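Sequence order for the protein chains is B and D.
Position one of the first sequence corresponds to residue 7 (my numbering), numbered consecutively onward.
Position one of the second sequence corresponds to residue 62 (my numbering), numbered consecutively onward.
Read the hints as simulated data drawn from the structure, not as lab findings.
A quick note: this is a predicted structure, and the numbers were derived from the prediction, not measured.
Beta carbons: idealized from backbone N, C-alpha and C, even for Gly.
Just so you know, nobody snuck in bad clues.
The calculated lysine-lysine pairs, modelled on BS3-like cross-linking and capped at a C-alpha distance of 27 Å, are:
#	chain 1	residue 1	chain 2	residue 2
1	D	K210	B	K37
2	D	K207	D	K130
3	B	K73	D	K106
4	B	K17	D	K130
5	D	K106	B	K37
6	D	K153	D	K201
7	B	K73	D	K188
8	D	K128	D	K201
9	D	K130	B	K56
10	B	K56	D	K128
Quick list of simulated restraints, FRET-style, between CB atoms:
#	chain 1	residue 1	chain 2	residue 2	range
11	B	V61	D	D126	17 to 27 Å
12	B	E43	D	M149	44 to 54 Å
13	D	I213	B	R13	25 to 35 Å
14	D	T189	B	Y76	20 to 30 Å
15	D	E122	B	N107	32 to 42 Å
16	D	E208	B	N74	17 to 27 Å
For the chain B half of the interface with chain D, some residues (derived, Cβ under 7 Å), not all of them:
#	residue
17	Q51
18	G70
19	K80
20	F81
21	G83
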Amino acid sequence: MSDIKIRAKLKDGQTEVKCLMNHPMETGLRKDEKTGELVPAHFIQEVVCKAKDQVVMTANWSGGVSKNPYLAFKFTGGEVGDPIEITWTDNKGETESAVENIS
Amino acid sequence: MIDPKRRILLKGSLAAGTIGVAVGAGLLSPSLVLANWNQAAFQAKDLPEALKNLLGSDVTETSDDIKIKAPDIAENGAVVPVTVETDMEDVKSIAIIASANQTPLIASFDLGDSAVPFVSTRIKMAKTADVVAVVQAGDKLYSGAKEVKVTIGGCGG
Numbered sequence: 007m008s009d010i011k012i013r014a015k016l017k018d019g020q021t022e023v024k025c026l027m028n029h030p031m032e033t034g035l036r037k038d039e040k041t042g043e044l045v046p047a048h049f050i051q052e053v054v055c056k057a058k059d060q061v062v063m064t065a066n067w068s069g070g071v072s073k074n075p076y077l078a079f080k081f082t083g084g085e086v087g088d089p090i091e092i093t094w095t096d097n098k099g100e101t102e103s104a105v106e107n108i109s
Numbered sequence: 062m063i064d065p066k067r068r069i070l071l072k073g074s075l076a077a078g079t080i081g082v083a084v085g086a087g088l089l090s091p092s093l094v095l096a097n098w099n100q101a102a103f104q105a106k107d108l109p110e111a112l113k114n115l116l117g118s119d120v121t122e123t124s125d126d127i128k129i130k131a132p133d134i135a136e137n138g139a140v141v142p143v144t145v146e147t148d149m150e151d152v153k154s155i156a157i158i159a160s161a162n163q164t165p166l167i168a169s170f171d172l173g174d175s176a177v178p179f180v181s182t183r184i185k186m187a188k189t190a191d192v193v194a195v196v197q198a199g200d201k202l203y204s205g206a207k208e209v210k211v212t213i214g215g216c217g218g
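Please model the entire structure based on the sequences and the hints provided.
Next up, the structure:
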């Protein structure tokens, strides 16, 4: 099962996409409370949002985005049933992707 | 007499050692997987430097057309919901900045042709500060700001 939850709703000609991703989003500046050592940076750097294989939006992030990131955006021209694909890539090169249809 | 070549060699190995330690401690990103991720902008320590690296200029025009929705008081700086919206035409990108964070630039959203100039996310804030949104519309940069009071900082430490 994918770690990205997507909800895409068409309303008044605009599609609003909301998604939640599971990710620790470590800045690399935080210290471990027990050991006092810095927790290595581990955060999503890029999120690509596609509707029907067309890129609608690309987000570039720092570790300043909260843990388990939430992202919402809107676009025009979507239709019910169109696939929305969200793909993230983090600073370790890990990547995850999920698809959900517009309802 | 000290052989100058030996001096140079020593200096070189010392420098390499320092970089190795920095990588090991996680101070430097071990690898930049994404070539288009703007490292200079995201690691900039202040707002003008971040904007110059991200958008080529730190000259922005203050605009009331940029609506920033964020709480007046955030009890937990680790999760501050922020929504940026504008009615401007030809919006190419929206950047979200927490001006008092150690690295202020939080996110930059590049909008495609069909995207509506609206983004919503949740950010970390180290302390009470302005949340700044910079919108690139046409060839110009516009900015808006909203103060968020933070009672517990969200950047650890």
